[in-house]
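*Asks:* Here is what each chain is made of, one letter per residue.
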Amino acid sequence: MKLLIANRGEIAVRIIRACQEMGIRTVAVYSEADRVSPHVLMADEAHAIGPAPAAESYLDMDRLLDVARTSGAQLIHPGYGFLAENPDFAAKVEATGLTWVGPPAEVIRLMGSKTASRRLAGEAGAPLIPGLMEPIAEPGQLEAFVEEHGLPVLLKAVAGGGGKGMRRVDRKEDLAAALERARSEGAAYFGDDRVYAERLVDRPRHIEVQVAADRFGAAVAVGERECSIQRRHQKVVEECPSPVVTPEIRQRLFDAALAVVRASGYQSVGTVEFLMDRDGQFYFLEMNTRLQVEHPVTEAVYGVDLVREQIRIALGEPLSLKQEELCPRGHAIECRVYAEDPFRGFAPSPGRIVFLRRPSGPGVRVDSGVLNGTTVPLEYDPMLAKLIVWGPDRPVAVSRLRRALSEYCISGIATTLPLFRFLVRRPEFASADFHTWYLDELLPTLDAGGGPPVQAEDAPDDVAVMTAACLATLESGWLEESRGVRPESWWREGLRQLHGRFPR
Amino acid sequence: MKLLIANRGEIAVRIIRACQEMGIRTVAVYSEADRVSPHVLMADEAHAIGPAPAAESYLDMDRLLDVARTSGAQLIHPGYGFLAENPDFAAKVEATGLTWVGPPAEVIRLMGSKTASRRLAGEAGAPLIPGLMEPIAEPGQLEAFVEEHGLPVLLKAVAGGGGKGMRRVDRKEDLAAALERARSEGAAYFGDDRVYAERLVDRPRHIEVQVAADRFGAAVAVGERECSIQRRHQKVVEECPSPVVTPEIRQRLFDAALAVVRASGYQSVGTVEFLMDRDGQFYFLEMNTRLQVEHPVTEAVYGVDLVREQIRIALGEPLSLKQEELCPRGHAIECRVYAEDPFRGFAPSPGRIVFLRRPSGPGVRVDSGVLNGTTVPLEYDPMLAKLIVWGPDRPVAVSRLRRALSEYCISGIATTLPLFRFLVRRPEFASADFHTWYLDELLPTLDAGGGPPVQAEDAPDDVAVMTAACLATLESGWLEESRGVRPESWWREGLRQLHGRFPR
Amino acid sequence: MKWVVRLDGGDREVEVEPVSGGFAVTLDGHTQMVDLVRLDGTLASVLVRPGGASYEIAYQHETRTGWRLTVGEREIQLDVLAPIEAIAARTGGGGAGAARIEAPIPGRVVAVKVAPGDEVRPGQPVVVLEAMKMENELVAERSGTVQEVFAAAGDVVDAGFVLVVIA
Amino acid sequence: MKWVVRLDGGDREVEVEPVSGGFAVTLDGHTQMVDLVRLDGTLASVLVRPGGASYEIAYQHETRTGWRLTVGEREIQLDVLAPIEAIAARTGGGGAGAARIEAPIPGRVVAVKVAPGDEVRPGQPVVVLEAMKMENELVAERSGTVQEVFAAAGDVVDAGFVLVVIA
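Which chain is which? The protein sequence lines are A, B, C and D, in order. For what it's worth, my numbering labels the leading residue of the first sequence as 25, then goes sequentially. For what it's worth, my numbering labels the leading residue of the second sequence as 25, then goes sequentially. For what it's worth, my numbering labels the leading residue of the third sequence as -5, then goes sequentially. For what it's worth, my numbering labels the leading residue of the fourth sequence as -5, then goes sequentially.
Worth flagging that the hints you see were computed from the coordinates, not collected in a lab. None of these values were measured; they are calculated from a predicted model. Keep in mind that the hints are not guaranteed to be accurate.
Claimed, not checked - A few chain B residues that face chain D, going by a derived Cβ cut-off under 10 Å, partial list only:
#: 1; residue: Ala57
#: 2; residue: Leu122
#: 3; residue: Ile434
#: 4; residue: Leu495
Virtual Cβ for every residue (Gly too), placed ideally from N, Cα, C.
Please model the entire structure based on the sequences and the hints provided.
*Replies:* Have a look at this one:
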């Protein structure tokens, strides 16, 4: 059996590993920017699909189907991002007689509409944030909603997702202009100008339920995850289980998630997302009809392999997971390592990785999509790798995360690692006292200066100063010169002249 | 708090990681051969203790105690090997007022004697292999034993351990000479010429029970491990749980192990080893009064941290593990990666590691004591690293092991990795049909030729031939020359002349 | 060998003397033994004696004087200058000497807004550099005349690459 | 460029021609496209077309003609010879040409049992090499006169190091 991975980076590597363990051969595709990416090196075969821009390679459906046909692949796994939630691609794959590793195309389409999925979830009995059930046809509807539910409200693109296409409105007089901008953004980003409105939940937590369902009607909830540490609606740190979900809340979350799964005819692994307010009330947010970036924390705590399960379901096998046998153990935390400078407004930081050391040892897993010595392309999502730690309880997991972060070293580009090292030492992190606005509120309060505040236990400046001086001495050629060897480079010669004016 | 690690390699790294997670500062010691070893780089401080030979560094008790005193360490962790089972060192450490991370010196001494520990285990009710309870005073005792129990017998040095100091005798006429040689070996290796005899168990399995006991009398059995894949009595592959131990046998193993723990007054983590015959009968073998190399498979299956527990016990805290809460999940397998060539009689292979890539991803842990670009010293145990995989059941663990082995790459020296790649594909490995003689019987039957038999799914020779020819072309300078650049090295010049005689 | 190490705007004078087993390093009148071993071009093991404190330090020589070190969990950027350079850099700011506009991060040059001979004022945009989807305007820090332009629109440049020299 | 690749004692003739995107490699009369990219001095990504089979290959150039490749799970040792060398090596075995005693593994030279000018017979011990706790006797493979001795007792040598040349 052969499976084509229509993706790149760490998720392509993750899928290749699952296939290798299942005895399935893998076909990688790569753009010109990815010739020596890990997924190309690890797959059984690899095929070029075009230039670096995603629209001309990883999003080129016909090209991908072409490669699938000529390579003899029977399955296509979309990973996440790119075409993973594109119902047209899923339909094309199925029409070609290939097996799509994901839910049926019509379920992707249904859950891809914010308003349609809200309606479905509401009818299935999942609690909803008060909001409009249909796109706003004319501004009066929005004003009427605000009249009834108050401010602030959140305007959301019907086709939005992944944190994009949202606009908060705090003042009544801004409503009309905000609606106009939200519509034009929706049209620009998603080709769909429809917008609806929801009451804004104050400082909510993001809680999501991992589900899996087969074509025989069996469905399970594989625990919940908490992903409240976000920056601008993008998840940065995720954990399993949620530190605030009680067994009683968990049962209600599972019931709501499985109701949505059954009502939508879902088949595959997927995630039902909820917001939870300060009182422990939760509300359906959306369903992600694919594998999530943060699936490893669930794997660590529940001892399952979600990618293997996903492929098994796609192959028509019954679920191997049974609700009564799914028993959580311990606590897992994931950090997303991005090529971004978190203390300079998450400025992108492409470039060459000149030194890379990954943490290891007990309870540590790294899913990485980059190699030492390679260049991080400018064209794609800047996530380099995921660090996942597990511990028998949350405090041990936190201390293990701290240890693993101290071992993790990526030089040559800025990454979010310093942010995690900072976060893991915050008291709010230890007490799990956070919400989805936490990071966006915290970072501007720091006296940044381009880095996290120095902690008492950090290495002192003196060590860096002394080391740099020793390294400069070694590289200056002065040691060779004092042994009678003349420095040769212009830089060394310049240094020699400068130092020559001073007594040694 | 500060802990000195009287060891090197992967176990020193493992202990440093546990300390970092516990907030304990670490003091590394290093010989001249280990200045840039991982444990030196990872510890909070590091002190030189002498030249490369272990007797002048890692075995120098006074030097170690000196460093402990000047660095202000309160605890000493011996790891395994070196001084870990030396009761004199444990006693010296305790006499200095430092905390020894291990059982009391007198327990080490007691269990270090094969005959004394056999007697103790027998009195505690653990089943014993029929054998002499006292060292052989004169050859007649051995002949009488053979008269009663038959041949073959195993002569064992009283002070032996770790697979050393054993001699099998199959013929009556060899008894006297074998006893003589066993005595002189015992004297040479252990400074103790006392020898006793046991009936030889035919093709036994090695099963051991991980135990932990505190100073308040609490003791638990943390599952069993099977370590039957050995070469010349040295463990090579270990797993947890044993594929052949039934719940009923497990309970009896736990009872026997805990009886030994209680009878000996054991405190710390430790291991009670048993041999199991083809009928499922098991016999006490010996007790290891230290952390075992293979402890990670237990950690993976039971979700515990044995090093943390060991340090907690040494600090006088009560056991955090409770027997009724210890619940195994899934299956774990460990492979010991040695710098040895398994297909040339495990010939040692020191040298420089020129490329190192460790496996990662779900269910994979690597505890490594080497860095890329560094040289494996000639002076110490040649174990480089341990690969540990976990899966929800044994078949998944085996397929994951196979996948992880395909990702693991160490170039520059020969290692046991090719042996594991060969083993993991053997039907006996899949069916767990092995015993402690398995590997020693299997390897000589291979039409070796210096490597494992090539499998159908292996990369074909052609790929290697084509790649080598391309690499040689690139390095020959011919491509530069054809662009008008003259090759400069003697090697390139020679090649140019040789090729010049042939038409291109 | 004497150096001035500039870190967060402050200057520290350091003297480095090779001795058996490493360097004797004098900082603020206090001398310590630094045992530094480079593992490859990017990683060093540093032991500071007495005390034996151990640091694993990843390093990059980013620009002529600029170094970036990862010490434990900290990433530190500093400049190592010969003493004369430190003085020149401190006194020269206002007028004398050449000022260089370097690429602060790797990226693609979107536009070069000046040509040799142009007069520039402090704050005037000189180069627009794109990294991923963000455009960064690099501005002149002082007034002067553009002496050299080393980049053109479309070029992909590394961090530290000198784009424009202003005299 | 033509090569003879020797693997497990068998010789394979290979012709390598650089083409756009890699090499056209002819082996046993069959030509395939080899797209080979070196990541650093020890690792290469190889795609073989048509088919696109992907191999991650770690390589070492161990001796002048000797290469060690790790292809997937296999570690393969082979010699890449210029055609003239292959012929010389095959016909030269009995008498003509020099024979070299190389260190098969890295180790420490315990003893060198010959000196330049000595006559040796096949099987005669020439050098004793210790690696860890094992001593290995290296013997002459054919008779001849010792021409050069490149090692002395106490030397630590790498694999492939030429210890003695017999003419």
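*Asks:* Evaluate each hint against the coordinates.
*Replies:* Okay, the hints, checked on the actual structure:
no.: 1; hint: Ala57; verdict: violated, 12 Å
no.: 2; hint: Leu122; verdict: violated, 33 Å
no.: 3; hint: Ile434; verdict: holds, 9 Å
no.: 4; hint: Leu495; verdict: holds, 6 Å
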